[in-house]
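Trainee: Now for the letters of each chain:
Protein chains: 2
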Amino acid sequence: MNFTLNVLGTASALPTTERYPSAQVLNVRGRLFMIDCGEGAQVQMRKAGLSFLKLEHICISHIHGDHVFGLFGLLSTMGMLGRTSVLNIYAPEPVREVLEHFLTRFGEGFLFEINFVPLRMKEPQIVYENRTVELLAFPLNHRVDTYGFIIREKIPQLNVRKDAIRQYELTLAEIGALKRGEDVIREDDRSGHSHVILNADAAYRPYEPRSYAYCSDTAPFPELVGWIRGVSLLYHEATFPAGMEDMAARTFHSTTLQAARTAQEAGVGKLIVGHYSSRFPSVDFFLDELRAVFPEAQLAHDMDVFELPLLKNG
Amino acid sequence: MNFTLNVLGTASALPTTERYPSAQVLNVRGRLFMIDCGEGAQVQMRKAGLSFLKLEHICISHIHGDHVFGLFGLLSTMGMLGRTSVLNIYAPEPVREVLEHFLTRFGEGFLFEINFVPLRMKEPQIVYENRTVELLAFPLNHRVDTYGFIIREKIPQLNVRKDAIRQYELTLAEIGALKRGEDVIREDDRSGHSHVILNADAAYRPYEPRSYAYCSDTAPFPELVGWIRGVSLLYHEATFPAGMEDMAARTFHSTTLQAARTAQEAGVGKLIVGHYSSRFPSVDFFLDELRAVFPEAQLAHDMDVFELPLLKNG
Numbered sequence: 124m125n126f127t128l129n130v131l132g133t134a135s136a137l138p139t140t141e142r143y144p145s146a147q148v149l150n151v152r153g154r155l156f157m158i159d160c161g162e163g164a165q166v167q168m169r170k171a172g173l174s175f176l177k178l179e180h181i182c183i184s185h186i187h188g189d190h191v192f193g194l195f196g197l198l199s200t201m202g203m204l205g206r207t208s209v210l211n212i213y214a215p216e217p218v219r220e221v222l223e224h225f226l227t228r229f230g231e232g233f234l235f236e237i238n239f240v241p242l243r244m245k246e247p248q249i250v251y252e253n254r255t256v257e258l259l260a261f262p263l264n265h266r267v268d269t270y271g272f273i274i275r276e277k278i279p280q281l282n283v284r285k286d287a288i289r290q291y292e293l294t295l296a297e298i299g300a301l302k303r304g305e306d307v308i309r310e311d312d313r314s315g316h317s318h319v320i321l322n323a324d325a326a327y328r329p330y331e332p333r334s335y336a337y338c339s340d341t342a343p344f345p346e347l348v349g350w351i352r353g354v355s356l357l358y359h360e361a362t363f364p365a366g367m368e369d370m371a372a373r374t375f376h377s378t379t380l381q382a383a384r385t386a387q388e389a390g391v392g393k394l395i396v397g398h399y400s401s402r403f404p405s406v407d408f409f410l411d412e413l414r415a416v417f418p419e420a421q422l423a424h425d426m427d428v429f430e431l432p433l434l435k436n437g
Numbered sequence: 124m125n126f127t128l129n130v131l132g133t134a135s136a137l138p139t140t141e142r143y144p145s146a147q148v149l150n151v152r153g154r155l156f157m158i159d160c161g162e163g164a165q166v167q168m169r170k171a172g173l174s175f176l177k178l179e180h181i182c183i184s185h186i187h188g189d190h191v192f193g194l195f196g197l198l199s200t201m202g203m204l205g206r207t208s209v210l211n212i213y214a215p216e217p218v219r220e221v222l223e224h225f226l227t228r229f230g231e232g233f234l235f236e237i238n239f240v241p242l243r244m245k246e247p248q249i250v251y252e253n254r255t256v257e258l259l260a261f262p263l264n265h266r267v268d269t270y271g272f273i274i275r276e277k278i279p280q281l282n283v284r285k286d287a288i289r290q291y292e293l294t295l296a297e298i299g300a301l302k303r304g305e306d307v308i309r310e311d312d313r314s315g316h317s318h319v320i321l322n323a324d325a326a327y328r329p330y331e332p333r334s335y336a337y338c339s340d341t342a343p344f345p346e347l348v349g350w351i352r353g354v355s356l357l358y359h360e361a362t363f364p365a366g367m368e369d370m371a372a373r374t375f376h377s378t379t380l381q382a383a384r385t386a387q388e389a390g391v392g393k394l395i396v397g398h399y400s401s402r403f404p405s406v407d408f409f410l411d412e413l414r415a416v417f418p419e420a421q422l423a424h425d426m427d428v429f430e431l432p433l434l435k436n437g
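Protein chains in written order, with our numbering: chain W, 124 to 437; chain P, 124 to 437.
The set of hints was computed from the structure by calculation and includes no laboratory data.
Among the hints, erroneous ones may be present.
As the list claims (entries may be wrong) - If you anchor each label on the Cβ, the simulated ranges turn out as follows:
(1) W:M370 to P:P432: 24 to 30 Å
(2) P:F239 to W:V209: 49 to 55 Å
(3) W:R402 to P:E346: 48 to 54 Å
(4) W:V209 to P:P217: 43 to 49 Å
(5) P:E223 to W:G353: 32 to 38 Å
(6) P:D369 to W:K435: 41 to 47 Å
(7) P:F408 to W:G353: 53 to 59 Å
(8) W:M370 to P:K302: 57 to 63 Å
(9) P:L176 to W:R154: 56 to 62 Å
(10) P:T227 to W:V240: 54 to 60 Å
(11) P:E430 to W:G353: 56 to 62 Å
(12) W:R154 to P:L204: 38 to 44 Å
(13) W:K435 to P:L176: 53 to 59 Å
Even glycine gets a Cβ: it sits at the ideal position worked out from N, Cα and C.
With the hints as constraints, model all of the structure from the sequences given.
Mentor: Okay, here's the thing in structure tokens:
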């Protein structure tokens, strides 16, 4: 029941010797979601021990080179490895033409199809879901059409406590109702009175659904806090340190302070930041700035792994 | 007076955790020539401490992804760093269209021009030269139009020995003739006899010009030995070990034995090999196979540096 984020690259436009361009892979229960695919992502994936074949979804935030130039090598490798299963790519419309050009020039012999899902929503919208997980995309505030992503477990069906089954001698129909979140109402044939078993007295959520939000590249904007409210883990760019808000605004990026305020206002569980400007070979001082506002903050570095454990109830 | 090869990538089609795709940089007297530009080349260059601004020439052997996918990131980085000087790219014609597509989609704000030099020769031909160095390209034998490269120092002007200047009381005109490789012929006015000062008795080559040949990707072919005869350093692909000649032939690649035989027959100074198939996580056993045929053989690994010292005479 994994919910594990592999950070593959934390550079902004210019990579450094320590930082590859933006790329991440979220492992949700064994299925891999990639978010952004900067140059070198396929080798970083190999180094992280992530299987290309388990990668079913690639989310691309926007069409700047540091977020897409790894696609060509990654897709070529999948082709050479004989992949046959469909690969879903969620990206702004302009990425489509770049992909098509790539496939025409370099896609000979590919045995798999790409399902291209263009992003054009104005607010969070589900773009993929299966029985347990859903993927949402929503607009960010950057120089070009850019999208953030939320990947989250669905709210699970409730469990009914075993002692409640015994105590109330619950029928199958009543258990079904409790699992759906309903109360059980019993009519007493003899007395004519009804008796209610409250859902909260017999049922419980078996685990807390986990969620991850990715917000890069973006300048702050008012709607964001509401859209990512309460996620377990937030990755937010912090291209610049505090005090460089003007520079951040000019380039449609964020500072540490802005990232931390967003995390705080959205009440997220934990904040990690990345997409650091290459002018800061060390970003250790970013951490104090973040924690002054939001204590549950951490710096992401290339090849860092963030694991969200499953919190079981009952 | 550098002549230093930085090997940035030694993988073939599929990179591994230890091997990036094909890319090299030859530093000739402070000017950088890149040969092939696989994904990740720009970060490998940074790790090797090579300056993007000193890179004036990029040679691309052919249009397979593992030799070109690093171009996009590298050119983008040059653009963002504000490069203004012309960048020369020597490549087969199909690379032109890929570059143009890239520039249209990602080249906004570039301040430098790309001088694209299409390769279409049938035998070695100089494609660039300056006062001291020349770059030649020649066809290889691969599945698609592919070229090898020779980068070599020009044969230097001769020096005249100081003791010869004194002994023969050489005039400036005579010194000039000796430097050009001519003999000096003196008519004796009184006796009517002539006297010859042989060039070899007064002049010498100040240093041995160094040369490097790059042959990847290629299957063996008859003309190659003659074209690369006597180079100081040969990089030849050895995608497969001995015994896999059939596989090599089918994919238009070479084995260790074929690379070593080419080196031996061409009488090169030293052989290095690379472009290893990903099915061999360790290629240590390639070395014995190479040295059985050509003792001056060495395996190249990512980030290896091969320095050719200047051998001075006189």
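Trainee: Hint by hint, which ones does the structure fall short of?
Mentor: Hint check: 1, 2, 4, 5, 6, 9, 10 fail, others pass.
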